[in-house]
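Asks: Residues per chain are reported as follows:
There are 2 protein chains.
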Amino acid sequence: MHPRPLSGLRVLDLTRVLAGPYCTLLLADLGAEVVKVEQPVTGDDARAFGPFLQTGQSAYFASINRGKKSIALNLKDSADRETFLSLVNQADVLVENFRAGTMHKLDLSAESLCQRNPRLIYAALSGFGHAGSHTDRAAYDVVVQALSGLMSITGSSADEPVRVGTSISDILTGIFGAVAIVSAVHGRTESGQGTVIDLAMLDCTVAALENAISRFATAGVAPEPLGTRHPSITPFQAFPTADAPIVIAAGNDTLWAALCDCLDRGDLADDSRFSSNGDRTTHHAALETELTTTLATRPADDWLERLADAGVPAAPIRSIDQVVADPHLASRGMWHTMDDGQGGSLLTPGSPFRMNDTPPPLSASIPGLDEHHQEIIAEWLATDSS
Amino acid sequence: MHPRPLSGLRVLDLTRVLAGPYCTLLLADLGAEVVKVEQPVTGDDARAFGPFLQTGQSAYFASINRGKKSIALNLKDSADRETFLSLVNQADVLVENFRAGTMHKLDLSAESLCQRNPRLIYAALSGFGHAGSHTDRAAYDVVVQALSGLMSITGSSADEPVRVGTSISDILTGIFGAVAIVSAVHGRTESGQGTVIDLAMLDCTVAALENAISRFATAGVAPEPLGTRHPSITPFQAFPTADAPIVIAAGNDTLWAALCDCLDRGDLADDSRFSSNGDRTTHHAALETELTTTLATRPADDWLERLADAGVPAAPIRSIDQVVADPHLASRGMWHTMDDGQGGSLLTPGSPFRMNDTPPPLSASIPGLDEHHQEIIAEWLATDSS
Numbered sequence: 177m178h179p180r181p182l183s184g185l186r187v188l189d190l191t192r193v194l195a196g197p198y199c200t201l202l203l204a205d206l207g208a209e210v211v212k213v214e215q216p217v218t219g220d221d222a223r224a225f226g227p228f229l230q231t232g233q234s235a236y237f238a239s240i241n242r243g244k245k246s247i248a249l250n251l252k253d254s255a256d257r258e259t260f261l262s263l264v265n266q267a268d269v270l271v272e273n274f275r276a277g278t279m280h281k282l283d284l285s286a287e288s289l290c291q292r293n294p295r296l297i298y299a300a301l302s303g304f305g306h307a308g309s310h311t312d313r314a315a316y317d318v319v320v321q322a323l324s325g326l327m328s329i330t331g332s333s334a335d336e337p338v339r340v341g342t343s344i345s346d347i348l349t350g351i352f353g354a355v356a357i358v359s360a361v362h363g364r365t366e367s368g369q370g371t372v373i374d375l376a377m378l379d380c381t382v383a384a385l386e387n388a389i390s391r392f393a394t395a396g397v398a399p400e401p402l403g404t405r406h407p408s409i410t411p412f413q414a415f416p417t418a419d420a421p422i423v424i425a426a427g428n429d430t431l432w433a434a435l436c437d438c439l440d441r442g443d444l445a446d447d448s449r450f451s452s453n454g455d456r457t458t459h460h461a462a463l464e465t466e467l468t469t470t471l472a473t474r475p476a477d478d479w480l481e482r483l484a485d486a487g488v489p490a491a492p493i494r495s496i497d498q499v500v501a502d503p504h505l506a507s508r509g510m511w512h513t514m515d516d517g518q519g520g521s522l523l524t525p526g527s528p529f530r531m532n533d534t535p536p537p538l539s540a541s542i543p544g545l546d547e548h549h550q551e552i553i554a555e556w557l558a559t560d561s562s
Numbered sequence: 177m178h179p180r181p182l183s184g185l186r187v188l189d190l191t192r193v194l195a196g197p198y199c200t201l202l203l204a205d206l207g208a209e210v211v212k213v214e215q216p217v218t219g220d221d222a223r224a225f226g227p228f229l230q231t232g233q234s235a236y237f238a239s240i241n242r243g244k245k246s247i248a249l250n251l252k253d254s255a256d257r258e259t260f261l262s263l264v265n266q267a268d269v270l271v272e273n274f275r276a277g278t279m280h281k282l283d284l285s286a287e288s289l290c291q292r293n294p295r296l297i298y299a300a301l302s303g304f305g306h307a308g309s310h311t312d313r314a315a316y317d318v319v320v321q322a323l324s325g326l327m328s329i330t331g332s333s334a335d336e337p338v339r340v341g342t343s344i345s346d347i348l349t350g351i352f353g354a355v356a357i358v359s360a361v362h363g364r365t366e367s368g369q370g371t372v373i374d375l376a377m378l379d380c381t382v383a384a385l386e387n388a389i390s391r392f393a394t395a396g397v398a399p400e401p402l403g404t405r406h407p408s409i410t411p412f413q414a415f416p417t418a419d420a421p422i423v424i425a426a427g428n429d430t431l432w433a434a435l436c437d438c439l440d441r442g443d444l445a446d447d448s449r450f451s452s453n454g455d456r457t458t459h460h461a462a463l464e465t466e467l468t469t470t471l472a473t474r475p476a477d478d479w480l481e482r483l484a485d486a487g488v489p490a491a492p493i494r495s496i497d498q499v500v501a502d503p504h505l506a507s508r509g510m511w512h513t514m515d516d517g518q519g520g521s522l523l524t525p526g527s528p529f530r531m532n533d534t535p536p537p538l539s540a541s542i543p544g545l546d547e548h549h550q551e552i553i554a555e556w557l558a559t560d561s562s
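First to last, the sequence lines map onto chains R and Z. Using my numbering, read the first sequence as starting at 177 and increasing by one per residue. Using my numbering, read the second sequence as starting at 177 and increasing by one per residue.
Because the hints were derived from the structure by calculation, they are not lab data. Glycine residues also receive a C-beta, built at the ideal position from the N, C-alpha and C atoms. Take the hints with a grain of salt, since some may be wrong.
What the hints assert, rightly or not - Okay, derived cross-link-like pairs now, SDA-like style, lysine to any residue, Cα gap no bigger than 25 angstroms in a straight line:
{"#": "1", "chain 1": "R", "residue 1": "K252", "chain 2": "R", "residue 2": "G226"}
{"#": "2", "chain 1": "Z", "residue 1": "K281", "chain 2": "R", "residue 2": "S507"}
{"#": "3", "chain 1": "R", "residue 1": "K281", "chain 2": "Z", "residue 2": "N532"}
What the hints assert, rightly or not - Ranges of calculated distance between the beta carbons of each label pair, as one might list FRET restraints:
{"#": "4", "chain 1": "Z", "residue 1": "N265", "chain 2": "R", "residue 2": "G232", "range": "19 to 29 angstroms"}
{"#": "5", "chain 1": "R", "residue 1": "A255", "chain 2": "Z", "residue 2": "D437", "range": "43 to 53 angstroms"}
{"#": "6", "chain 1": "Z", "residue 1": "P537", "chain 2": "R", "residue 2": "V397", "range": "27 to 37 angstroms"}
{"#": "7", "chain 1": "R", "residue 1": "R295", "chain 2": "Z", "residue 2": "L282", "range": "39 to 49 angstroms"}
{"#": "8", "chain 1": "R", "residue 1": "D446", "chain 2": "Z", "residue 2": "G368", "range": "51 to 61 angstroms"}
{"#": "9", "chain 1": "R", "residue 1": "D312", "chain 2": "Z", "residue 2": "S288", "range": "51 to 61 angstroms"}
{"#": "10", "chain 1": "Z", "residue 1": "A486", "chain 2": "R", "residue 2": "T430", "range": "53 to 63 angstroms"}
{"#": "11", "chain 1": "R", "residue 1": "Q215", "chain 2": "Z", "residue 2": "P503", "range": "27 to 37 angstroms"}
{"#": "12", "chain 1": "R", "residue 1": "D312", "chain 2": "Z", "residue 2": "T513", "range": "25 to 35 angstroms"}
{"#": "13", "chain 1": "R", "residue 1": "H310", "chain 2": "Z", "residue 2": "A420", "range": "18 to 28 angstroms"}
{"#": "14", "chain 1": "R", "residue 1": "D477", "chain 2": "Z", "residue 2": "M177", "range": "22 to 32 angstroms"}
{"#": "15", "chain 1": "R", "residue 1": "A472", "chain 2": "Z", "residue 2": "G368", "range": "52 to 62 angstroms"}
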């Protein structure tokens with residue numbers, strides 16, 4: 177069965193919208209008890225984000241808040257503040273993704289909360305971080321994609337910038353946040369001490385730029401967008417066929433030889449311009465022309481079958497409906513149906529954390545605003561006399 | 177100071193290329209002792225990937241293997257196998273990113289290694305996972321970007337697919353892998369039991385698709401690529417100006433009003449087509465035309481200054497050289513210089529794991545193939561009599 181490795185961990189979750197809730201979603205999926213502290217009346221901003229279910233509930237919210245509990249507290253109200261501070265005493269982890277400075281203005285700084293609970297892991301996820309020269313800016317995903325350089329290397333040409341089709345800067349920050357939090361929790365087992373974590377969306381996106389930085393550092397020239405092509409592996413890109421485009425990734429000389437064989441293009445295998453991966457990358461434009469000419473002679477499915485038989489990595493460019501229909505993903509348990517509480521349902525991605533040959537047990541219910549108020553008070557504060 | 181929360185953790189790292197090495201890079205940055213087990217003579221395939229330093233070392237390899245130790249072992253040689261199995265006895269974590277089935281063929285299955293060391297966390301990162309209906313395919317990042325649907329929602333039009341400019345499927349899998357591993361290590365503190373982790377690049381990329389799945393699930397129509405635009409927040413995209421494009425993210429009605437004011441376009445604020453975010457999203461094409469007309473009248477820097485003063489999130493689309501020159505990233509300690517061992521250096525991204533107001537201490541040396549053979553044997557096997 178799936179171990180719930182974070183079982184027993186209490187997470188006080190002040191996050192809203194995407195980066196923070198995605199982080200605590202991962203913690204909840206792994207067994208932590210995540211308590212969303214939401215502002216009264218409206219709750220997490222994402223409750224108002226479309227698309228919507230027929231019940232009026234946000235599908236956006238539903239897909240990233242499964243398995244969490246909700247309590248509404250007004251952090252500017254003195255009674256609610258007392259409740260909140262009592263919950264802080266009982267928490268292992270506090271996560272927030274306010275703009276830098278907000279918690280300080282609420283007189284709830286990391287320093288003061290960690291003084292109250294020295295074992296607390298306080299994790300702040302923000303656009304630009306809490307420390308540094310220029311933190312007081314608002315960030316949204318597209319701002320960070322633009323500032324990080326990611327947008328400058330994504331697209332078909334430098335004239336037409338492209339945003340990654342998912343809010344990848346938020347998502348990356350959420351996952352990096354989970355790594356940092358769980359690591360700090362583990363470190364506390366030895367040290368007994370909490371940790372203040374300060375993660376910035378900009379830092380997290382830069383850390384994911386991979387070889388773009390080393391290419392700039394070695395060549396001194398800023399990398400440009402390459403469409404579907406890899407900067408240093410060739411062929412590794414999309415090609416048109418007689419009908420739909422496919423991607424082909426011949427990542428080494430053996431796969432290159434197999435590809436030439438599959439295309440019945442022994443002449444390319446013998447062509448000195450294309451001998452090594454370095455040669456092929458140097459002459460990528462000529463190679464693309466040759467391969468495109470041949471691939472245009474047959475439909476995608478025909479090529480994909482031949483390439484699969486030859487063991488050459490290749491794939492169709494699947495649309496979301498095709499992805500949802502993939503039997504392999506279903507066999508992995510990668511789809512999870514949420515229950516809207518009124519007889520309807522919503523398909524969402526499941527969790528990738530497969531352990532001991534089992535996908536994680538996931539909750540199907542969407543937490544209502546303040547739904548677990550009494551339960552949380554009863555369970556967390558029963559033994560707290562403060 | 178920065179706590180090293182994974183200090184004392186022994187990681188046996190069989191990974192090559194990107195997804196696996198990125199995962200163990202995060203563990204090393206957080207204090208784990210990561211021992212790369214490499215094939216003799218050639219080592220990690222990525223040692224042969226460009227760009228290269230003047231020493232001939234791979235900058236690609238250098239940027240994702242800092243702080244690790246290297247031991248060369250031929251897992252098909254009986255003496256080396258014995259050494260390897262003795263190291264398994266001492267390891268907390270084993271990570272591999274071979275194609276599913278490879279470790280089994282080497283007679284080193286997860287089952288047999290966990291039988292040998294029941295406290296072992298065995299993490300397999302692969303393209304399609306070890307369990308499921310169709311795992312025996314080779315994966316490269318571009319194949320997973322295509323199969324996951326990510327490519328279908330990234331780009332300017334459905335006719336021209338675009339790959340995210342970094343190997344994001346590899347990177348996501350590496351970070352998700354670190355979450356799973358550290359969680360399992362923490363869970364072991366209570367349970368005493370190891371865990372077999374089976375992470376698939378395809379699953380990890382699908383889990384990062386965010387609202388693309390809920391949009392399909394609620395509307396029944398597969399989402400299309402939107403250039404730089406957000407599907408449900410408007411305006412939230414890039415616009416041309418008199419010189420360079422900029423991104424603007426007016427994520428709520430307050431910011432929308434501030435934007436109209438900043439552009440001296442009170443008429444748009446009063447226009448009923450653009451009253452709410454939902455209205456603006458419905459009429460995004462008309463809105464884009466209006467905003468583009470106004471933004472074309474001044475250069476980017478002029479607009480960015482005005483927008484910053486008004487508190488409207490906006491940014492230039494920075495190239496990699498501009499990102500590297502950012503003083504804020506420098507003030508965060510987000511750049512790390514690797515030492516090539518011969519007087520030269522290489523700029524790489526640092527770690528985003530800032531803790532207790534300090535970036536992690538990072539190694540500057542590039543592990544040579546088999547460099548730490550004797551050290552590892554001496555330290556790990558000193559107390560092992562098996």
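Asks: Is the hinted range of 27 to 37 angstroms satisfied by the C-beta distance from Z/P537 to R/V397?
Replies: Holds: the Cβ-Cβ distance is about 31 angstroms, inside 27 to 37 angstroms.
Asks: Note whether the CB distance of R/A255 and Z/D437 lies within 43 to 53 angstroms or breaks it.
Replies: Cβ of R/A255 to Cβ of Z/D437: about 38 angstroms, so the range 43 to 53 angstroms is violated.
Asks: With the threshold set at 25 angstroms, check whether the alpha-carbon distance from R/K252 to R/G226 stays at or below it.
Replies: violated (29 angstroms)
Asks: Would you say the C-beta atoms of Z/A486 and R/T430 sit inside 53 to 63 angstroms of each other?
Replies: holds (57 angstroms)
Asks: For the hint 18 to 28 angstroms, verify it against the beta carbon of R/H310 and that of Z/A420.
Replies: Given a distance of about 20 angstroms, which is inside 18 to 28 angstroms, the answer is holds.
Asks: Does the Cβ pair R/D477, Z/M177 satisfy 22 to 32 angstroms?
Replies: violated (58 angstroms)
Asks: Taking 27 to 37 angstroms as the hint, is the beta-carbon distance of R/Q215 and Z/P503 inside that range?
Replies: holds (35 angstroms)
Asks: Look at the Cβ atoms of R/R295 and Z/L282 and judge whether their distance stays inside 39 to 49 angstroms.
Replies: holds (43 angstroms)
Asks: If you draw a straight line from the CA of R/K281 to the CA of Z/N532, is it 25 angstroms or shorter?
Replies: Given that 25 angstroms is the threshold and the Cα spacing comes to 20 angstroms, the pair holds.
Asks: Check the following: the C-beta atoms of Z/N265 and R/G232 are separated by a distance inside 19 to 29 angstroms.
Replies: violated (57 angstroms)
Asks: Taking 25 to 35 angstroms as the stated bounds, is the beta-carbon spacing between R/D312 and Z/T513 within them?
Replies: holds (28 angstroms)
Asks: So the hint says 52 to 62 angstroms: do the beta-carbon atoms of R/A472 and Z/G368 match that?
Replies: holds (60 angstroms)
The structure is inconsistent with the numbered hints 1, 4, 5 and 14, although it conforms to all the rest.
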